[in-house]
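Q: Protein chains in written order, with my numbering: chain W, 29 to 553; chain X, 29 to 553.
Hints in this document: simulated from the structure, not taken from any laboratory. Errors might be hidden in some of the hints.
No copy labels: a pair is met if it fits in one copy or bridges any two.
[As the list claims (entries may be wrong)] Listed below are the simulated BS3-like cross-link pairs for lysine-lysine, each with C-alpha atoms no more than 25 Å apart in a straight line: (1) K41 x K122; (2) K185 x K122; (3) K396 x K216; (4) K331 x K56; (5) K539 x K254; (6) K254 x K360; (7) K502 x K283; (8) K122 x K54; (9) K246 x K258.
2 protein chains.
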Amino acid sequence: MKEEVPIAEKLAKEQREISVSQFFTKNKHLLGFDNPRKALSTTVKELVDNSLDATEEINILPEIIVEIKQLNDTRFIVTVEDNGPGIVKEQIPKIFAKLLYGSKFFKMAQARGQQGLGVSSSVLYGQLTTGKSAVITSKISRNKPAHYYELQIDTKKNEPNVIKDMIIEWDKDHGTKVKIELEGFYQKGKQSVDEYLKQTAIVNPHLNLIYINPEKYKMEFPRVTKELPKKSKEIKPHPYGVELGVLMQMLQDTKATTLQSFLQNDFCRVSAKVAKEICKKAGIYEKSRPKRIAREEVENLLKAIKETRIIAPPTDCLSPIGEELTLKGLKKEINADFYTTVTRPPSVYRGFPFQIETGIAFGGDIPKDEQIKLLRFANKVPLQYQQSACAITKSVINTAWRNYGLSQSRGALPIGPVILLVHIASVWVPFTSESKEAIAHYPEIIKEIKLALQDIGRKLVVYIRKHIKSKEQKEKIDLFEKYIPELAYSLSKLTNHEKDEIESKLKKLLKKELPTLEAENGAKE
Amino acid sequence: MKEEVPIAEKLAKEQREISVSQFFTKNKHLLGFDNPRKALSTTVKELVDNSLDATEEINILPEIIVEIKQLNDTRFIVTVEDNGPGIVKEQIPKIFAKLLYGSKFFKMAQARGQQGLGVSSSVLYGQLTTGKSAVITSKISRNKPAHYYELQIDTKKNEPNVIKDMIIEWDKDHGTKVKIELEGFYQKGKQSVDEYLKQTAIVNPHLNLIYINPEKYKMEFPRVTKELPKKSKEIKPHPYGVELGVLMQMLQDTKATTLQSFLQNDFCRVSAKVAKEICKKAGIYEKSRPKRIAREEVENLLKAIKETRIIAPPTDCLSPIGEELTLKGLKKEINADFYTTVTRPPSVYRGFPFQIETGIAFGGDIPKDEQIKLLRFANKVPLQYQQSACAITKSVINTAWRNYGLSQSRGALPIGPVILLVHIASVWVPFTSESKEAIAHYPEIIKEIKLALQDIGRKLVVYIRKHIKSKEQKEKIDLFEKYIPELAYSLSKLTNHEKDEIESKLKKLLKKELPTLEAENGAKE
């Protein structure tokens, strides 16, 4: 190394900021745009998820229209229209053409979207592969005009670039329509757009969906209930979930003027009594100004929080599907002999409330000798990729299904005529990647999923036992009936009684037993 | 919905920008900080990778000191010191305390770091779990002073927060020392810091590493070669790898004043002749101003590029380990009977050059009846996590190892006394997540890995056949020798010749054959 011109100075000139758009342009597979097929289904998914979240905001029954128009072998236009609240003019560019922008990231409430990445990443991908702008139309009220935008993302700055901005007529009270042109590939079957929409209909039984596929075939997924899902409420963070660095930041940002009021106001479940107890344990005066608490004291504060009994966070931030509606959803889309569902009570990981639901469809059209079909959902969104990397799959594999009437090889999914649905609802679902395809392996979550599977397993095995038992008994009766004449003949020879008399008595006896057997037989739910 | 106050207006107030630091604070598992154990090894990895990249910049033999000091059950201080070029004062805060900042993201040259995320994410994690600042000392030349910084990340802005900034004495010509305090957990074995360092030593045989572990035990990994790895050169993007959106951006950003000069200057492998051919095929005048080319024309341009024969990108942007040094690395750290290595010629995916290398150690201390041990590397960095999600693992599993002398169950790693090393070197390694743990499943990459495995498989089976064959022959000779007296006795009875004479003749015969057999026997490399 020449001392005169340190190489460090040459290297310094190469250092640059990387915008988050540039980062994800190069890493688009992280957002679910690995290949053209997945790109198409990711785009539909992000738009439909947004529409469902939007309609939930205004407690309205969702009416969503999805259209995929094929332009040539590799090019498509995806349009998704909803009857949600619409978006105010000023917010439209940022929501659609800026990555990491949104309302849900900082909000502790269950939602499909959570990162502020989904819809803008679809816009980015469309722009990258076709150069075309995303087209947004949105109307927020009958009395206000609709706004029409053509948007691109300035990838260097990660800021919206408004190409067109107009007021237009739109014969609709309120709602949003998004149109994205992109390179893609359309295929049916597993992991397809069609399958995604079908699964979405299962866990959103209140949704009315119209889907026009690239072959111009129009499909309807009608709603089976007018009951709206319980709206999830926003909660404050729970003290047990806070980390040192975050706590330090919160103390700087708070509007509270004393430590005690900070603890009471900025967290959930902290009463005056609990706040005082924490302060005392931490050895910090409860009237201290939050901004002036030193790092070492914050460490003591965090330790004190961990040592104090605080009740679990409220769970009205969650909106599970519920046992009844999950049942309706399954029955609507799957033809089976037996259906059952379980919704577990809410639980908590790292201060985040979450809840596991599971459902089973058994028999009927479902293939008997194959591995079960596993449907995974997070906040009512189907997870179609990376099954093997998911905590749900791990939990299913590690459950002893032999106890519940199914056969199973070690380390594999069980075998049997079963479609198994598992849903995690949470204010923050920990995904293994930005594309939200698999749940990370948090022990608290895996434990709860296992408990849910055991609950539903016990319900399944009751049905299987009855089902198989009654079937076996029916076979025994049939066999016995068949041999009555021969038996009567032998008995008549041995006892010197009339053969016909014995035969009629045996038949009577059999009839007496039948009602009990038939009652067991009719055990279908 | 009440028409008077559209909910959209209430919702608009909740919309916010999410800084990339805030995003990764909540999603820290995406960066490799899933749990305390992994957090510790990720931190060491990011710092050591940076040090190795730095020393390569100045063509110097790396001298790296890693120290992990344990403060209590869960708290550690990681210090990594190198003899790299150092960092100029102004750049230190951003490099260490701003996510998505660096020199390698926009550079087409093989490097360990590529995203501008690694070291700053370790600083972020330390701050989050301990509230402590990262401490950086750096010196760029003997004649200049050393700079000392204490840094935090302002997570709301994703900008550095300088806590301390001093000039200090440092008895060193040039280099950088980084100290991070964090919550962690130290454990030996698979996926440990110790294992990461051992594997790093294998693929960086020119590295001299001193490691002081949390038990204060000092380990040395001495270099086995003074030969420096070939320095990777920066190349321009290849036209085959460019996407429409990126091409449009490049046309806006270029300094070239004509389309032809743009094609020649902003890409590699485009001569005047090729540039003219592309313009002609696209139907665009070669002297057109790049900034004025319309979207539709860019589409034609991209189509024309795809239809034009352009030679593959230069491969001096790559720095493979090489067959000889991989062999040295394996021999240094693994005790086996047989070693062999293969470096494939470079190949290209999406315009990015890449190259596969593989090595095998067989027999010796390696367990016989277990699945082989697979060591995965990307740009000379060991990949310790997510083995099952990696394209390398997939390729190994899908290779028919029975053809190469190992037993193998369907869908599993082969069984045998083998440590298998696979290395991908590329200007842009496509990882499945920011934490860079597994290679994404690009078909071109999987194909090349398979070819490399077949190459090395053929070398392995030659050794196994010889080894087993000679062993079997030796056993036959021993057996034959044992029965010579008895055979001689029988022959003597049958033929009336002297038993001793026959015996000595048989022994002579055996000796005649021996040299050939022994030559085959001594086939160890």
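Q: If the cut is 25 Å between Cα atoms, do K185 and K122 qualify within a copy, between copies, both or neither?
A: Classified as both; 12 Å inside a copy, 18 Å across copies.
Q: If the cut is 25 Å between Cα atoms, do K396 and K216 qualify within a copy, between copies, both or neither?
A: Answer is within: at 23 Å inside a copy they meet the 25 Å cutoff, but 46 Å across does not.
Q: Is the C-alpha distance from K502 to K283 at most 25 Å within one copy, between copies, in both cases, or in neither?
A: neither (73 Å within a copy, 86 Å between copies)
Q: At most 25 Å between CA atoms: does that hold for K122 and K54 within a copy, between copies, both, or neither?
A: both (21 Å within a copy, 22 Å between copies)
Q: Should K246 paired with K258 be assigned to within, between, both, or neither, using CA atoms and 25 Å as the limit?
A: neither (30 Å within a copy, 60 Å between copies)
Q: Are the CA atoms of K539 and K254 at most 25 Å apart within a copy, between copies, both, or neither?
A: neither (47 Å within a copy, 95 Å between copies)
Q: When no copy is named, should K41 and K122 be tagged within, between, both, or neither for a Cα gap of at most 25 Å?
A: between (31 Å within a copy, 13 Å between copies)
Q: State whether the alpha carbon distance between K254 and K360 is at most 25 Å within one copy, between copies, both, or neither.
A: within (14 Å within a copy, 70 Å between copies)
Q: What label fits K331 with K56 when the C-alpha limit is 25 Å: within, between, both, or neither?
A: Close across copies (22 Å), not inside one copy (41 Å); limit 25 Å.
In the structure shown, a violation is registered for the earlier hints numbered 5, 7, 9, in ascending order.
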